[in-house]
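Sequences listed follow chains Z and G, in order.
According to our numbering, the stretch in the first sequence is residues 1101 to 1339, in order.
According to our numbering, the stretch in the second sequence is residues 78 to 499, in order.
In case anyone wonders, no lab produced these hints; they're calculated from the structure.
Keep in mind it's a predicted model, so treat the numbers as computed, not measured.
No false leads were slipped in.
Label-pair ranges, simulated between beta-carbon atoms:
{"id": "1", "chain 1": "G", "residue 1": "Ile246", "chain 2": "Z", "residue 2": "Glu1283", "range": "55 to 61 Å"}
{"id": "2", "chain 1": "G", "residue 1": "Pro265", "chain 2": "Z", "residue 2": "Asp1219", "range": "43 to 49 Å"}
{"id": "3", "chain 1": "Z", "residue 1": "Lys1154", "chain 2": "G", "residue 2": "Pro365", "range": "32 to 38 Å"}
{"id": "4", "chain 1": "G", "residue 1": "Gly280", "chain 2": "Z", "residue 2": "Lys1103", "range": "44 to 50 Å"}
{"id": "5", "chain 1": "G", "residue 1": "Pro365", "chain 2": "Z", "residue 2": "Asn1310", "range": "38 to 44 Å"}
{"id": "6", "chain 1": "Z", "residue 1": "Gly1264", "chain 2": "G", "residue 2": "Asn291", "range": "56 to 62 Å"}
27 Å max Cα-Cα, derived DSSO-like pairs, lysine-lysine:
{"id": "7", "chain 1": "Z", "residue 1": "Lys1324", "chain 2": "Z", "residue 2": "Lys1296"}
{"id": "8", "chain 1": "Z", "residue 1": "Lys1228", "chain 2": "G", "residue 2": "Lys363"}
{"id": "9", "chain 1": "Z", "residue 1": "Lys1312", "chain 2": "Z", "residue 2": "Lys1154"}
{"id": "10", "chain 1": "Z", "residue 1": "Lys1228", "chain 2": "G", "residue 2": "Lys168"}
{"id": "11", "chain 1": "Z", "residue 1": "Lys1215", "chain 2": "Z", "residue 2": "Lys1252"}
{"id": "12", "chain 1": "Z", "residue 1": "Lys1228", "chain 2": "G", "residue 2": "Lys360"}
{"id": "13", "chain 1": "Z", "residue 1": "Lys1284", "chain 2": "Z", "residue 2": "Lys1296"}
{"id": "14", "chain 1": "G", "residue 1": "Lys360", "chain 2": "G", "residue 2": "Lys482"}
{"id": "15", "chain 1": "G", "residue 1": "Lys360", "chain 2": "Z", "residue 2": "Lys1215"}
{"id": "16", "chain 1": "Z", "residue 1": "Lys1228", "chain 2": "Z", "residue 2": "Lys1268"}
{"id": "17", "chain 1": "Z", "residue 1": "Lys1155", "chain 2": "Z", "residue 2": "Lys1254"}
{"id": "18", "chain 1": "G", "residue 1": "Lys363", "chain 2": "Z", "residue 2": "Lys1252"}
{"id": "19", "chain 1": "G", "residue 1": "Lys363", "chain 2": "Z", "residue 2": "Lys1172"}
{"id": "20", "chain 1": "Z", "residue 1": "Lys1215", "chain 2": "G", "residue 2": "Lys363"}
Yeah, the Cβ is synthetic: ideal placement off N, Cα and C, and Gly gets one too.
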Amino acid sequence: MLKISNVETFYGKIQALRGVDLDVNDGEIVSLIGSNGAGKSTLLMTISGVNKAKKGNIVFNGENIENKQPHKIVDMGICQVPEGRRIFSRLTVEENLRLGAHANEKGKYFENDIKEVYDLFPVLSDRKTQRGGTLSGGEQQMLAIGRALMSKPKVLLLDEPSLGIAPKLVNQIFLSIKNINKEKNVTIFLVEQNAKKALELADRAYVLVNGKVTIKGSGQELLKNKDIQAAYLEGGAKN
Amino acid sequence: MEKKDIIQSFKDSLFTGLIALALFGPIVGLRTASKGEGLFITPQWGVVFLLVGLCILGRFLINLNSARKTEITFFSKFTSKFSAITEDKAKHFAITAILFAVVFPFLPFTDRYFMDVAIMILTYIMLGWGLNIVVGLAGLLDLGYVAFYAVGAYSYALIATTFGWSFWICLPLAGVFAAFFGILLGFPVLRLRGDYLAIVTLGFGEIIRIILINWYEVTNGPDGITGIPRPSFFGLPFKRSPDEGETSFHLFFNLEYSTMHRIIFLYYLILVLALITNYFTLKIRKLPVGRAWEALREDEIACKSLGVNPTNTKLTAFAIGAMFGGFAGSFFATRQAFISPESFTFIESAIIVAIVVLGGMGSQTGVVLASIFLIGITEMFRDLEQYRMIAFGGAMVLIMVFKPKGILANRKPTILMHGDKK
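Turn these sequences into a full structure, and let the hints steer you where they fit.
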């Protein structure tokens, strides 16, 4: 469904991605783990078209998208929940959600879609007239995911949804990600530092080191991998 | 208050005095006067000491005010009056204000002078509301807004004098021209944000003015355009003795001829134009494009990730903001019947930006209050002639001291969905 081959991305002269190869198949949850600065967010931004790949191809449903503008890519069905949530803090919860529907045919199915988001995250429905900035971190993350779902994506790119969120809420958010995948049939590409959670959730996973994919396999395989345990699991996040 | 606080603030005010002395010394103290042959310097130290003394006293009072927990009565009265005007009460205020504006021309104390000032304030309110779309909603700081005002005024003047079309045809055309220029400015500045954007827009404002001065064949250069047709009351001109085959306003309605008719008509015209601007802004905020503007102001990357096209969104903001500037410009041209590049200097842009910022970014009612305050105060002190701008500056300082975020800083969320109460 989404095929990334040999992608290289630069920030000025600094090379962030050094030939990334990666596949995401229809209906899967694919996780990408890696340490700070490995290029995880860069890869997502490159898929979304915010950063442009200098080399390589990104093919989505048989169409090359590496040179498309970000809003065109969203129209095609790839929506990103950016790192740090990026809620419009002075707009209300419902306005935030409405903005998510921007790409979606002028919101024809708006009422229905918004109800689905509220069913998924009931707390948002209680707070729909509150400003985005007044929500807690976890609620903001739910809002960011809900907002992205409003565009009816085929693939949802999630950048560190557990960042700065209470552990209890992290579990809830990972559960909703699973629900979104199974019930709404949305393909998930998840980037995480919380490697254990990400691998447990994933059908398949990749490890990114210094802008290159070094290990790939099923989530369970990678959980058992000795190198990964040493580098990302035992020394790293333990929840 | 502690004794050492007083000493501290006294020291601080003396220091302020020193700065004031350094500034006023050469600027005010040394005055050149021509006597016989050549220029001579006449010192006027008395005035300098008066000004420096005022600065020290003012600074001392402000210090006292901020040092104390309970404010001095004068200041606290002043501030509480302003904080009483919250956005919640703004709605009642808006209705009262509109009603007042409608009956204003017929109040007993209203004379020609009041009407002129009111028309001027309304023009600035309209410009403020137009700029609010660009600055307040879309968050693009535009320091060259006067350029669109000028484009609107010149488009109207040129079309009206060349083709002799009526006001009601020229007005939308002028708006279209201004919107076109808005897009023209929009394209090169799409990639810019914040300070850089401000600098480029500032340059754009100057470019338009300089073109108007130098393109003599078309704009008549610094001499300006004269004889711009006055608007008619839907075909009825405001003339004492109409041309043959025409019926003038006072004859049609069987009134005594009075020059006030035209003034009152102009007043209602600008009132309606301004209210249309306001209504439009309030409505468009609830449409996808208006929401996209506000989202773009908040976070451009998040917008991109959600499929908002930032290019189109910014361009529409520029174009629509410019269009209303153009309408205001046409009105200005038809009211004055004469325009020249002198009316479109940077200070005009600065005043409009000041109105938007001091009103509280994005607040519609704030723009009204700031216009009345800034334009009204400058007008009240017209007798002071060249010192009038001091009153303007003083008004700005007062707002910044007491209401650093603008008169109406707390804007409510733009919409509450499905009629929800907050």
